[in-house]
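A.B. asks: Fit chain B to the known structure of chain A by using the hints.
These protein sequence lines are chains A and B, in that order. Each residue of the first sequence is one higher than the one before, counting from 0 in numbering that gives the first Met the number 0. Each residue of the second sequence is one higher than the one before, counting from 0 in numbering that gives the first Met the number 0.
Derived pair list, reagent style BS3-like, types lysine-lysine, alpha-carbon separation capped at 25 Å:
| hint | chain 1 | residue 1 | chain 2 | residue 2 |
| --- | --- | --- | --- | --- |
| 1 | B | K372 | B | K327 |
| 2 | A | K88 | A | K70 |
| 3 | A | K3 | A | K35 |
| 4 | B | K200 | A | K102 |
| 5 | B | K244 | B | K200 |
| 6 | A | K102 | B | K122 |
Some, not all, of what chain B presents toward chain A, calculated at C-beta under 7 Å:
| hint | residue |
| --- | --- |
| 7 | R79 |
| 8 | D80 |
| 9 | P144 |
Keep in mind the hints are simulated off the structure, nothing from the lab. Heads up, the beta-carbon is just placed ideally off N, CA and C, and yes, glycines get one too.
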Amino acid sequence: MAVKLSDEVIALINNSETVKVLATVDQDGNPHATFKQSLAVGEDGNLFFLELLESSQTNRNLVRSIWFNRKVTVTVRGKEGQSYQIKGKPVRNIIAGPLFEQKYVEVRERLGDVDLAGIWVIEPEEVSDQNYWTRKAAEEAAHPYFLHLDRLAK
Amino acid sequence: MSMALKREDQIPLSYSEVVREHPDVPPLVILKIDVQRRGVHYTQNALNVIDPSVHQLRSPNIFGARDAQLTPVPDSLLLRDGSSIVVDPTPLERNPYLVDVVDGQLVLTDQGEVLETVDFWTKPDFYDKKTSSGALMNHVITARPQRINVFPSGFCHFWVNDKGCRFCDVVNHLKQQRAELGIPTRQNPQDVFEAVREALKQPGRFTTICLTAGSDTRGAEPFDQEVDYYIEILQAIGANFKVKKFPSQLVATAFTEKQLARLYEETGIRSYTTDLEVLNEELFEWVCPGKAEWVGYREWKNRLIRAVDIFGRGYVGTGIVGGVETAKPKGFTSEEAALRSTLEEAEHLISHGVNVVFSVWVPRPGSYFKDQKSPSLDYYVRLAKGLHQLRVKYGLPVDFDDYRRCGNHPDTDLARLL
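This is chain A alone, in the form it adopts within the complex:
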């Protein structure tokens, strides 16, 4: 079920200084995580990124995901320590057409003599705040046993 990303998360993902990691899974269940700095949120609310290599492990894993309905995750971390994980599904691989050609030109202007294999579109389904202090507060509320006693001693 698609979810709408908050303005804060969108701003974080669209910030070029944010570190962005895409994790996919191969046929045998091996995780594969790579930095994808081209990750951004489009006007339709979906995430997208530019895959430059047709034969990359990420590209193959995403093909498997779109074909067999498997999820991927995107983890982002801002320079102020904000961090979110977005689980989602690849819903579209754009390999031709006006948008593809526009991004092809843009990426070549930016990086030089590179190619573009496709634009992957990922529909977000779940967003979680991965900031440590947010996660700590949530854990303390939900799991009061998950701590060492010395922290409670007088």
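C.D. replies: Just chain B now, kept in the frame of chain A:
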């Protein structure tokens, strides 16, 4: 095996049943096969979406359509995974899939059920331009989403003594295109040069060039004239590139080593395909009498294998018209036997570095087999899976004929996972 045999006596499995039967094959690939098998009909709502300045309408092609018309409907479809469905318009009475608009989106439907969103192909920038001789460029070369098509000649000399391939409508279609659109029998190399030059001005639009034409038996040695003509056309195309070899595919007759060496050395061609059409010697003689007469099944296979020495492993292929091995009355009567025989022959070729790819057999109105019926969806899914598994077994790449550079072979769509 027994399950499959039993299945043949029953009502063919539906799309959703075949999807359930093959959880290891992507439903999108299964859908593509079935859409190719049954064809499409565009509803008026879908036709209203067409913007002729944006969308690519049916272009001159080497083969005709199931409706035997040259109507300006969308050329073909793109699925959301980036793969193409190369498919032609089909009369409603043949029970095609519908391309319709639902909730503002273009979709494929069957019996009222929405199955997938689709897009029309977009028109390349060169399409409405003219060459210096005044030829409309889309009458010289055509396009798939990422490929330039060149059909240098629509005439096949096997038809001269009525020995054209029985599933093929190439010459009848040529006559129709010549009469209705003014498409020439042979393309002028200068026109091809200029049209390709214009096409390459669109960044990101094309990844390969595919040439295919009818066989030409003439020459000092059989097919020398065909080879000469390809060399002329390929050299004209090659003049547009700064490198000698460029991603390309020649789909042509089975040439001798001497002819192939000339093609490889004198042009920029990178891969070579020569279609056996059906992987069975007896059926080949019946289905492809011209090919049998001029080359023969065993020699065709030998030429394919020898071509690997010239073009390299993974750069030679043969196409088969998937399902034509069940044509009546001489074809296999059991889908199981047809599949087993085809895959055994395919393994022999693949083990020698020759790719085997299939296209879904469409009994076209302009062909000898026009009243035949293609096999079940389940058959095609098993054929796609079988050919893919053989490529995996022998580690044979098929980059030159994959989902992007071709898009007409469901089995090579599966190579995206390799």
